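Peer 1: Sequence:
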Amino acid sequence: MSLHVLATGPLALVQDRGRPGFAHLGVPRAGALDRPAAALANRLVGNGPDEAVLEVVLGGLEVRADAACWVAVTGAPAPLLVDGVARGHDRPEWLPAGATLRLGRPATGVRSYLAVAGGIDVEPVLGSRSTDTLAWVGPSRVAAGTTLPVGRPRTEPRPLDVPHARRHRPLRLFPGPRADWFAEGALEVLCAATYVVEADSNRIGLRLDGAAPTRLRETELPSEGMVLGAVQVPPSGRPVVFLADHPPTGGYPVVGVVHPDDLWVCGQLRPGERVRFTPARPPSPGWGPGAATG
1 MSLHVLATGP LALVQDRGRP GFAHLGVPRA GALDRPAAAL ANRLVGNGPD EAVLEVVLGG
61 LEVRADAACW VAVTGAPAPL LVDGVARGHD RPEWLPAGAT LRLGRPATGV RSYLAVAGGI
121 DVEPVLGSRS TDTLAWVGPS RVAAGTTLPV GRPRTEPRPL DVPHARRHRP LRLFPGPRAD
181 WFAEGALEVL CAATYVVEAD SNRIGLRLDG AAPTRLRETE LPSEGMVLGA VQVPPSGRPV
241 VFLADHPPTG GYPVVGVVHP DDLWVCGQLR PGERVRFTPA RPPSPGWGPG AATG
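Numbering-wise (my numbering), the sequence shown opens with residue 1 and increments by one.
Fair warning: there could be bad hints in the mix.
Label pairs and their calculated CB-CB ranges [claimed, not checked]:
| no. | residue 1 | residue 2 | range |
| --- | --- | --- | --- |
| 1 | Thr278 | Gly237 | 15 to 23 Å |
| 2 | Leu126 | Ala7 | 24 to 32 Å |
| 3 | Ala107 | Thr214 | 21 to 29 Å |
| 4 | Arg217 | Gly145 | 46 to 54 Å |
Hints listed in this document are in silico derivations from the structure and should not be mistaken for laboratory results.
Owing to the predicted nature of the structure, the values given are computational and were not obtained by experimental measurement.
Virtual Cβ for every residue (Gly too), placed ideally from N, Cα, C.
Produce the entire structure from the sequences given, and follow the hints as far as they go.
Peer 2: The following block contains the structure:
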């Protein structure tokens, strides 16, 4: 079967769990920004964890199914209509053959996830069906007129599951590798301030306006490897949290690294919203920011 795209909002992309391991080739990892929401959507319709979903920014998606299928919408709570009839969020819903599914603009959050039983079955690139918006590796952005193939369902949908907590908590922050580039207490400065999300935030990075840690060096680093969640401080002093489409290298010092379990929050913050950092507890043995490498 296929989904026929009738309309999209600001941005709609095919995403799965990404393609880590290609940073040495200059290829970002990509993948869903709100990974817990994408994983829940797949579970609800009986998909495996590696199936691709649609990541929809601020609603506006309209698709028509040419065969009946189970679907689920998670993440930002966008109103869901099937042939004009309201359906539920965070649960499997039946989409009849020929029916039109519409996602409205969510009241909160940014990114909603649409899973279809069988998964979006576009051709993988480097082992993943994700699209990154830095190098544009992977499927093209989803546009009106696109036909999306859907795979064969594996199991029955799961009507009951536990949605991920959606409270926008402070971002837990581990010390970064370049503390010597900042005055003493730089991490404390970050954790004491409130930051405002800037309008040019995107899948590459969450850009923040607020208190700037004092830098001790005016020069810049030679480019070095960056990890998911790294908090860079450019010359402007405004921190940038690297997200799924971040460049594999960077030349600005990293003052901290956001805990991987908090990165979904970054993907759901709107421009103008406020966010805070908080010191992360010491990790358990064997864990480290390296778990977010790529």
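Peer 1: Are there hints from earlier that the structure breaks, and if so, what are their numbers?
Peer 2: 3
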